[in-house]
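Protein chains in written order, with full-length UniProt numbering: chain A, 1 to 592; chain B, 1 to 592.
What the hints contain is simulated information worked out from the structure, not anything from laboratory work. Please read these numbers as outputs of a predicted model, since none were measured by experiment. Take these hints with a grain of salt, some might be off.
All copies of an identical chain are treated as equivalent in the list; a pair is satisfied when it fits inside any one copy or across any two copies.
Below 20 Å or equal to it, Euclidean Cα-Cα: the simulated DMTMM-like pairs (lysine to aspartate or glutamate) are [what the hints assert, rightly or not]:
(1) Lys-9 / Glu-329
(2) Lys-456 / Glu-38
(3) Lys-78 / Glu-180
(4) Lys-487 / Glu-180
(5) Lys-317 / Asp-475
(6) Lys-491 / Glu-220
(7) Lys-46 / Asp-183
(8) Lys-178 / Asp-269
(9) Lys-223 / Asp-171
There are 2 protein chains.
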Amino acid sequence: MPSYIAPTKDMQFVLHDVLKVTETGVPGYDDLERDFTEAVLDAAGKVSTEVLAPLNVVGDQVGCVMENGVVRTPEGFKAAFAAMKDGGWTALDCDPEYGGQGMPYVLATAVGEMFVSANMAFNMYQGLTHGAYSAIHAHGTAEQKQTYLPKMVSCDWTGTMNLTEPHCGTDLGMMRTKAEPQDDGSYKITGQKIFISAGEHDLAENIIHLVLAKAPGGGEGTKGISLFIVPKVLVNDDGSLGARNAVSCGKIEEKMGIHGNSTCVMNYDGATGWLLGDLHKGMRAMFTMMNEARLGVGLQGYAVGEAAYQNAVIYAKDRLQGRAVTGAENPSGPADPLIVHPDIRRMLMDQKSFLEGARAFTFWGAHLIDRSRRADDAAAEGLVSLMTPVLKGFLTDKGFETAITAQQVYGGHGYIEEWGMSQFARDARIAMIYEGANGIQALDLVGRKLAQDGGKHVMAFFEMVKSFLKENEGDAALKEGFLDPLKAASKDLQSAAMFFMQNGMKTPNAALAGSYDFMHLFGHVCLGFMWARMGKAAMAALEAGASDTAFYETKIATGRYYMARQLPMTATHLARIQSGADPVMALPAEAF
Amino acid sequence: MPSYIAPTKDMQFVLHDVLKVTETGVPGYDDLERDFTEAVLDAAGKVSTEVLAPLNVVGDQVGCVMENGVVRTPEGFKAAFAAMKDGGWTALDCDPEYGGQGMPYVLATAVGEMFVSANMAFNMYQGLTHGAYSAIHAHGTAEQKQTYLPKMVSCDWTGTMNLTEPHCGTDLGMMRTKAEPQDDGSYKITGQKIFISAGEHDLAENIIHLVLAKAPGGGEGTKGISLFIVPKVLVNDDGSLGARNAVSCGKIEEKMGIHGNSTCVMNYDGATGWLLGDLHKGMRAMFTMMNEARLGVGLQGYAVGEAAYQNAVIYAKDRLQGRAVTGAENPSGPADPLIVHPDIRRMLMDQKSFLEGARAFTFWGAHLIDRSRRADDAAAEGLVSLMTPVLKGFLTDKGFETAITAQQVYGGHGYIEEWGMSQFARDARIAMIYEGANGIQALDLVGRKLAQDGGKHVMAFFEMVKSFLKENEGDAALKEGFLDPLKAASKDLQSAAMFFMQNGMKTPNAALAGSYDFMHLFGHVCLGFMWARMGKAAMAALEAGASDTAFYETKIATGRYYMARQLPMTATHLARIQSGADPVMALPAEAF
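All chains, full assembly: derive it from the sequences and hints.
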């Protein structure tokens, strides 16, 4: 069975050596001293390893079962969920006014990575709840907040997000679910929603569904959509649970992975709901928390990859097969361990260099979200908004690739369910699809984010990279391995942006045909930038006489690998982008 | 449920417009007139669509079940297997002396593609049998051939290949299965084999296991290995079935995919076996048919991708979501079909341009095998031997990627098992692993094939591409879209080969660290070469006044896409290769 150990040390490196969180001046970051974050991360790591990870395979193999409208989660999930609640893990970055601990999002992100690595399907129950909590926190009335938030912070009640219907996913303007206003100010919600993660289960006494529906008078398309709070069990004025609402789970889906999470068809049959936020502004309300939600899915992509990688390393060290081409390294054994072989190394280095870069990128994104919220920093908000589709799209694509590569290290055993590597691949696959399929992320990036606020966020990004390069140009140790490749990659990104500017207006398809490549090109530059910063931080630590030289030297070598072997992809992405719309759009639809 | 229609027209194009099979002078190819191959392909296509494809989902969802040592295949498999036998499909390219039809391998490959696309797991029962047939045909005594081959040609008896043991897959030198010689000339085989596809099932009255085992006196490592015929049921002198042999299925594996095929742990408990071929030359005997077997797995990679692609096209035309950025294309409907969106086009073009290139490449490989066998063409043998790891490794990697991309077109529905796209992804995954994991293919290519016979086969390949470029340099229509990109890609391949030559001797790891990238670089050049030839053939057909202009114009546009958007990858692969061993091997094993 696969195992998982939280990479606490690497997280500490990102928080303190790279982001230097306590020096940022962000309100609330004073708490994040090295010792404190270490204690939190160690405790979260213990829960991940001892409570969550052992349930991961069970969750996959047993899955959720629905009988007579009741959904049962796999054995052990209830106890583990109780342990998460008791440990206060569900409340980590929630508002203290409602029972939260008020920790910064960047710390919750680090903890979240561990929980996802250990058991992605399980962690979704609390992840979805957190999303719903955030929406109510941002848009609810004082009464709504008092009614729902304390119970959601503690996960006594969980939450869901209801967007998709059978005939519409991306294009929510076609939504059919209706909301009819009632005299008492409530609404009757009628319609069917699909793909509702954690829509029904046995982990909580109530489930608070956030449902998009059309109320009269809003006009066509997405303009008519409002957001509603629809509890599974109605809540009495005194906060106690009342009657069962007219919402039910029609079925749970058989999926490729995340079997431990119930993916439900939800039927609303005149269910009682209350407007959340402004009438006909439901899309805006639902997407307020989009940056956070999408960063969370990007995190899922690499976090599952991390778990897969750890097991690939164990197997590569353990499995004896063949001899090193440079001479036996385990002469007393029947063969050398797999890890001596260069192509196995290539696979491990691809995984390791991506994962550590992804972690830094994600933590940086979380830090920018903190900065925008806690310090009202509009530039940080603009920057993370620009990078959100990259965080989601690039990290989930590459995270899945990482899980596939880890599976490949196992050879035939990787294909056998018993060994657990297939589950990582199957689980990671969904992250490329939900919360806006990755093609939609690319469209959001190129069609919306690039030009947002007159393009000032992308200019700020370029400026930031340029400043970094300039500041460090005299650093000979950093130059060849880090700065030169980053400079070249960044130049490719700028050329691509320039191509879109020159061609996008007259030929929108020219930009859109290159959008996916642009998202990946941007992702490589972001990881390259992270690696340059990490390389610098590691060198600085060594220079300052850090005792754990092996850690920092490994960091530098891993960064050099990413720069030498991954960053060259930017040239290919640029070439594809510059080939324009013609090759992509040449055929009439009938030709397929 | 997914559907499948055989791409007969495209196969005809490859056979007749590109390879011009009837003009090659290969013995037996005279039969392959356009009308004849069309009739065969149409008939095979009908079986694929009507008999095999409908069983694909059943095979996945029900899978094989073992009870009391008996393995049952999914419902419908028996009848379908009978239909395949009755139609003579199992005998297509087998030796007429043993009941085969003696058709060229290139035709059997085209038919095989259809069967795999329609139902990969099902087709493995006959595919494995064909492999075992080939080994006995090449190495068996006259008596062995008479005893086994007619029944295997008809698939009354099926066959298996037994190589892997729990502790050794790639490194067969560590094999523990023993063969003890008996007085009557037979051997007692004792040991355990794993991952035995079609090891036990209910489709045939006997199963002929080919088993690698160590007989006394052969020395250490793979030198001591011999190959044995071990029938499940012993065969009496008169050909009738006798006693049950001491071989049994210990369990069947739960796998990520190909659930319709039983993957068995096989226990040999002093089972009676007979030497096949020379004593202690078992590896050589087993691998005689390696080019064919590996080409067959490469074919699986893209053939499953083809089925996935066809369904992605259907969904992209059918599913209404969003509006074309250039103006509504389905103004009377609630939205436009997905296929109007550039990023959906990118996905479909990536799939289509790979699949058609892969088909041409595979058929060309099969043709070279025919040429080597039927015309004793050593150059063809050398060339296909060189390209075999590319056919296997590149096509299965890209075939899996194709299935993943097809799944992505479906959005959320792609992740739900009911829609069938997950199965394509899960099934395609195994092809990257078995018959030599793709990293082993890359090692075979760079460590063995490149330098084989003094490097003359790779030089012949370069020469062939160069001649093609030279012959056509005056063709303005071909130049920009096809010849120029092929030239650049081919130059990258030569630079990579040069890098290995200059560095490989003194630093073997420098070559091996780049082996995987070299395999992919080689694959792109092969597909680029195929596309240049297909572009030329399509232009020639148009010039000759072919009536189906849409088909040929589509072919040219699809080729241009591959050249413009896929071939630029060669530069990235070259950059990675030229970064050498250092980034890959920098870390000590403990650093992972």
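Is the C-alpha distance from Lys-487 to Glu-180 at most 20 Å within one copy, between copies, in both cases, or in neither? Intra 57 Å, inter 66 Å, cutoff 20 Å: neither.
Identical-chain pair category, Lys-456 with Glu-38, by Cα at 20 Å: Neither way: Lys-456 and Glu-38 sit 37 Å apart in one copy and 60 Å across, limit 20 Å.
Checking Lys-178 and Asp-269: alpha-carbon separation at most 20 Å within a copy, between copies, both or neither? within (10 Å within a copy, 68 Å between copies)
Given a CA cutoff of 20 Å, do Lys-78 and Glu-180 count as a within-copy pair, a between-copy pair, both, or neither? neither (36 Å within a copy, 56 Å between copies)
With 20 Å as the alpha-carbon cut-off, assign the pair Lys-491 and Glu-220 to within, between, both or neither. neither (43 Å within a copy, 56 Å between copies)
With 20 Å as the alpha-carbon cut-off, assign the pair Lys-223 and Asp-171 to within, between, both or neither. within (12 Å within a copy, 63 Å between copies)
Within, between, both or neither, where Lys-317 and Asp-475 count as close if Cα-Cα is 20 Å or less: neither (36 Å within a copy, 55 Å between copies)
Could you place Lys-9 and Glu-329 in one of the four classes (within, between, both, neither) given a Cα distance threshold of 20 Å? Classified as neither; 29 Å inside a copy, 54 Å across copies.
For Lys-46 and Asp-183, with the copy left unspecified, which applies at a CA distance of at most 20 Å: within, between, both, or neither? This pair counts as neither: shortest intra-copy Cα distance 52 Å, inter-copy 62 Å.
Going through the hint list in order, the structure does not satisfy hints 1, 2, 3, 4, 5, 6 and 7.
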